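Asker: What follows is the residue order along each chain.
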Amino acid sequence: MIKIESVTFKHQNGTVALQNVSLEIRTGEATAIVGENGAGKTTLVKHLNGLIKPTEGKVTVFDLDTKQTTVAQLARKVGVVFQNPDHQLFSETVSDEIAFGLRNFGFPESVIKKRLEWALEFFGLTEYRDSSPMMLSGGEKKRLCLAIVLAWDPEVIVLDEPTVGQDLVQKEKLREVIKMLLLRGKTVILVSHDMEFVWSLQPRVIVMAKGRVVADGAAAEVFSRPEVVGEANLMKPQLLELSVHLKNPPQKPFADIYEARQWLVSSVSR
Amino acid sequence: MVGQQCFEVVAGMQWVSSGFIFRHMESPVHSLDPRTRLLFAVELFVLALVADSPLEVSIVSIVVVSLAIVAKIAKRLVRTMSFTAGFAVMILVINMLVGQPLVYSIVLAIRFIAIVGGTSLFFLTTSPDELEYVMKWFRLPQDMVFAFVTAVRFVPVLMLDATQIMDAQKSRGLEMQKGNFIKRIRNFIPVLVPLVVTAVIRSGELAEAMESRAYGAVKKPSSLYALRMRKRDWATGAISVMLLVVSLYYFLVIAPIG
Numbered sequence: 001m002i003k004i005e006s007v008t009f010k011h012q013n014g015t016v017a018l019q020n021v022s023l024e025i026r027t028g029e030a031t032a033i034v035g036e037n038g039a040g041k042t043t044l045v046k047h048l049n050g051l052i053k054p055t056e057g058k059v060t061v062f063d064l065d066t067k068q069t070t071v072a073q074l075a076r077k078v079g080v081v082f083q084n085p086d087h088q089l090f091s092e093t094v095s096d097e098i099a100f101g102l103r104n105f106g107f108p109e110s111v112i113k114k115r116l117e118w119a120l121e122f123f124g125l126t127e128y129r130d131s132s133p134m135m136l137s138g139g140e141k142k143r144l145c146l147a148i149v150l151a152w153d154p155e156v157i158v159l160d161e162p163t164v165g166q167d168l169v170q171k172e173k174l175r176e177v178i179k180m181l182l183l184r185g186k187t188v189i190l191v192s193h194d195m196e197f198v199w200s201l202q203p204r205v206i207v208m209a210k211g212r213v214v215a216d217g218a219a220a221e222v223f224s225r226p227e228v229v230g231e232a233n234l235m236k237p238q239l240l241e242l243s244v245h246l247k248n249p250p251q252k253p254f255a256d257i258y259e260a261r262q263w264l265v266s267s268v269s270r
Numbered sequence: 271m272v273g274q275q276c277f278e279v280v281a282g283m284q285w286v287s288s289g290f291i292f293r294h295m296e297s298p299v300h301s302l303d304p305r306t307r308l309l310f311a312v313e314l315f316v317l318a319l320v321a322d323s324p325l326e327v328s329i330v331s332i333v334v335v336s337l338a339i340v341a342k343i344a345k346r347l348v349r350t351m352s353f354t355a356g357f358a359v360m361i362l363v364i365n366m367l368v369g370q371p372l373v374y375s376i377v378l379a380i381r382f383i384a385i386v387g388g389t390s391l392f393f394l395t396t397s398p399d400e401l402e403y404v405m406k407w408f409r410l411p412q413d414m415v416f417a418f419v420t421a422v423r424f425v426p427v428l429m430l431d432a433t434q435i436m437d438a439q440k441s442r443g444l445e446m447q448k449g450n451f452i453k454r455i456r457n458f459i460p461v462l463v464p465l466v467v468t469a470v471i472r473s474g475e476l477a478e479a480m481e482s483r484a485y486g487a488v489k490k491p492s493s494l495y496a497l498r499m500r501k502r503d504w505a506t507g508a509i510s511v512m513l514l515v516v517s518l519y520y521f522l523v524i525a526p527i528g
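Just so you know, the sequences run in chain order E and F. Just so we're aligned, residue 1 is where the first sequence starts under the working numbering, counting upward by one. Just so we're aligned, residue 271 is where the second sequence starts under the working numbering, counting upward by one.
Rather than coming from a laboratory, the hints here were simulated on the basis of the structure. Computed from a predicted model, the values in this text were never measured in an experiment. Incorrect hints may have been included.
[Unchecked claim] Have a look at the derived ranges for each label pair, beta carbon to beta carbon:
#1 E:ASP256 with F:LYS448: 25 to 35 Å
#2 F:GLY474 with E:LYS210: 46 to 56 Å
#3 F:LEU430 with E:GLN68: 27 to 37 Å
#4 F:TYR520 with E:GLU56: 31 to 41 Å
#5 E:LEU264 with F:ILE471: 42 to 52 Å
#6 E:PHE122 with F:LEU430: 45 to 55 Å
[To be verified] Pairs of lysine-lysine residues, derived as DSS-like cross-links and limited to a Cα-Cα distance of at most 25 Å, are as follows:
#7 E:LYS67 with F:LYS342
#8 E:LYS67 with E:LYS77
#9 E:LYS10 with F:LYS448
#10 F:LYS345 with E:LYS10
[Stated by the list, open to error] Cβ-to-Cβ under 8 Å is the rule here; a few derived chain E residues that face chain F:
#11 VAL80
#12 LEU89
#13 PHE100
#14 PHE105
#15 PHE107
#16 MET134
Just so it is clear, CB atoms sit at the ideal spot from N, CA and C, and this is done for glycine as well.
Bound conformation, chain F alone (with noise of 0.2 Å):
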């Protein structure tokens, strides 16, 4: 049916953005520090960049699954990763069609889905506060922290913004799936400009905002809470770098391809 479909495109927007947006919740890896997260991510991204066999991505690939599956989000990880399956084979199909060996392109296409779950895993965990925090942990630029985490704050607004533009226009008669390519790609005019215009304005209201609760006013802000390691973050870190050091010796060492 036409209205479902138009239906579908805001959803499926949906389930791909709920792929990396932060829900609260309560589980061993969001109780961590996010510095500690964040060495994970990294961990795994080395691991899957150094993994040159179809085995060792599965095996990175597993262990990002297994996390989430701790940090119960296991869920909404798989769906982005599942989401990505279709780039991966893209790269697989563009890999062989230029003469890659067959090994080496799957290598890449799993490896392709191991580092978005894993930037994705430490994304579905961490709060935009947390992540405001650990960027200001690496001395980044106030304006520049503040401005990436308010995008990433904003996200979840501005989809719900595009469905109740889409309802409203909709309710307008405008049925994005009727018509030709042309037409179609025309139907997203009424959506976009509605878009585009408010989170204009959203952002001019949020400068005022800001300004008037003195944003600026200092060159460096004091934080109301600190990011503070705790033994277990120290040791759940000191852990998976032996695991990371464990890892590489094997993959570069022991059976190392090519």
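Chain E with its partners taken away, still in its complex shape (with noise of 0.2 Å):
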């Protein structure tokens, strides 16, 4: 469980970050975090690993004090996947590069090899395993990455702009993943921009606006907010609109693509 309590965060040069922000992550929970650019998802998404230190109040990470703890002890918990694969890739071979995170964090030779096999495996990289990580393509480094992080099994994980480059069955897997990480009682934690992917996995949304926090709710509920979707400048998922605008809605706005293909079908041969 993750509590961040009326923390405020100022920049050197005095610009303030975040202000006064509350929030409850619980264990097992989707939470995307949206908001423009420079609203503060980035820098609210930093303290959760201790990578920034709140300027005034508080964050605990499963009881523990980010003030008080190393940015690697909370890392064991809390994995973050970074926007750009290039800003981390420095291995010989893709093997070696999921297995830096492993040894950092202490794990027996025989677990590294264990956690490793699955993870190219699991994110189809293992013909790739002796080759360089700069030779991969966009997408697979963007994969890549993503192994590095769940090869050590972290109890968060916090995903900033995963679908940025990515094609639709890209995101379609993505999803998939994120689905199974759900489902294996982990908590996941979305930075995007992207809202129909947001959308597709209907989760807590938490919208963030000059550093504040100025709506948290179910999916449905937040986007359906027509002064936070303006404050925020969001637009609205288009299947959320679509549910809207048709002349018989249905009693629960469509939560993805296949369930409004079978409503529209049915519909249409009604």
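Reconstruct the complex from the two isolated chains, following the hints.
Answerer: This is how it looks when you write it as structure tokens:
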């Protein structure tokens, strides 16, 4: 469980990136943090594994105060997958890249071997195990970054803009991975501008604007509030728009494209 | 705390580099023609070289700081100068070790601070664009000007990259300050490799983007803006030259040492 209590963060130059943010993220929950560029999403996420310590207020991750804990200790529990793969790949081979984190966290070699095999297999990277990570395509690099983090099996997985530069097939695969993680009881926190992707997971949505939380609730509820959508400059998910504008709207907005298809096909044939 | 120490490495790098990175501001110094500012920097350099007593070099340093106060950049300049002070102490100690007199060693140390301060004053108040115009005005080759200005422009970008890379690697459990001396040096590899790789990728992208925008199509490209000396630029320049002459006369003729 993650507790953020009245957190304010000021940069060295005095700009306030977060202003009195209080949140609680429960274990096993899927949460999406959305908002404009500069709204404070990434700053908030960096508080979760201690990369940033709050100027005021307190962040506790599984009862550990982030001010008293090292990033390495917190990272073992909170795995962050950053946006730009080129900012972290450095090893000679894909295998070494995955094993790097496991070695840092002090796993025994036998466990490292097992975890490595699992990660390579699961993300379809086995054939590249001895290739240089720099030689992978953009999508493969993204997958590798996800594999790197999931290999050490953190309790909380934070994904910063995971869909950037991914085609529909890859997005669908990513959605499946997230669903699987949720089934296994993991906590998933997603930072994204991709409203369609966010909607397809039907998570709890936290909307941020100018360093503050302006809305927090179920996706359907948050996106239906025009003042929130306006203040944070969001685009409503297309499936929600469709659900609302149908002549005979469904009881609940369509959660994903498959639901919408089924509904439309049955209503046309009626 | 280990994590904190790691953070301090980056913060320290940014702290030092911020003493040379231009930021948009409005001040009497910023509004001068960049060539006048360059003249100031050269004059201060000459004065620092000619001044040969601790009092004289201290006065030059005070002039540098006073100009920085007028330019509203005193805080950052003093930061650079206090960082330089570390090297100045080294200069002092080494000179004394090789048998130079104390007074002479002190002059060398303060002179170093004054020279770095004067140079930093110019770079802190001159935007990369202005730097480009000044270099072109000196008729330096176009490619050289472009390479130099791009390098200056990319320093803040690289600093940002370095911070993000360190964040990413720390999030993978890397503890940079852990282990013995050799291990600590090895700990920099996960940061340096991505830093170099992203810099190379970025330079490739920049080259392609520049070529798509017809860079190099003509030998002498025209500029949107041209430097123009106004009355006050001439006047400030002339006054500074007069002050330089008077100071040189004082330093060399009235109060020479040795």
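Asker: Quick one, is the E:PHE107 hint okay against chain F at 8 Å, beta carbons?
Answerer: This hint is violated: E:PHE107 lies away from chain F, its Cβ roughly 10 Å from the closest one there, beyond 8 Å.
Asker: Holds or violated: is there a CB of chain F closer than 8 Å to the CB of E:MET134?
Answerer: holds (7 Å)
Asker: Is the hinted pair E:LYS67 and E:LYS77 satisfied, with a Cα-Cα distance of at most 25 Å?
Answerer: holds (15 Å)
Asker: Do the alpha carbons of E:LYS10 and F:LYS448 lie within 25 Å of each other, as the hint requires?
Answerer: violated (29 Å)
Asker: CB of F:LEU430 to CB of E:GLN68, is that within 27 to 37 Å?
Answerer: holds (28 Å)
Asker: When the nearest CB of chain F is found for E:VAL80, is that gap smaller than 8 Å?
Answerer: holds (5 Å)
Asker: At the C-beta level, are E:ASP256 and F:LYS448 separated by a distance inside 25 to 35 Å?
Answerer: Violated, at about 45 Å.
Asker: Okay, F:TYR520 versus E:GLU56 on CB: inside 31 to 41 Å?
Answerer: With a Cβ separation near 54 Å, F:TYR520 and E:GLU56 fall outside 31 to 41 Å, so the hint is violated.
Asker: Is the hinted pair E:LYS67 and F:LYS342 satisfied, with a Cα-Cα distance of at most 25 Å?
Answerer: violated (35 Å)
Asker: Interface hint check: E:PHE100, Cβ to nearest Cβ on chain F, cutoff 8 Å. Holds or violated?
Answerer: holds (6 Å)
Asker: Against chain F, with CB atoms and a cut of 8 Å, does the hint on E:PHE105 hold up?
Answerer: holds (5 Å)
Asker: Is F:LYS345 within 25 Å of E:LYS10, Cα to Cα?
Answerer: Holds. F:LYS345 to E:LYS10 sits at ~19 Å (cutoff 25 Å).
Against the hints set out earlier in the document, violations occur for numbers 1, 2, 4, 6, 7, 9 and 15.
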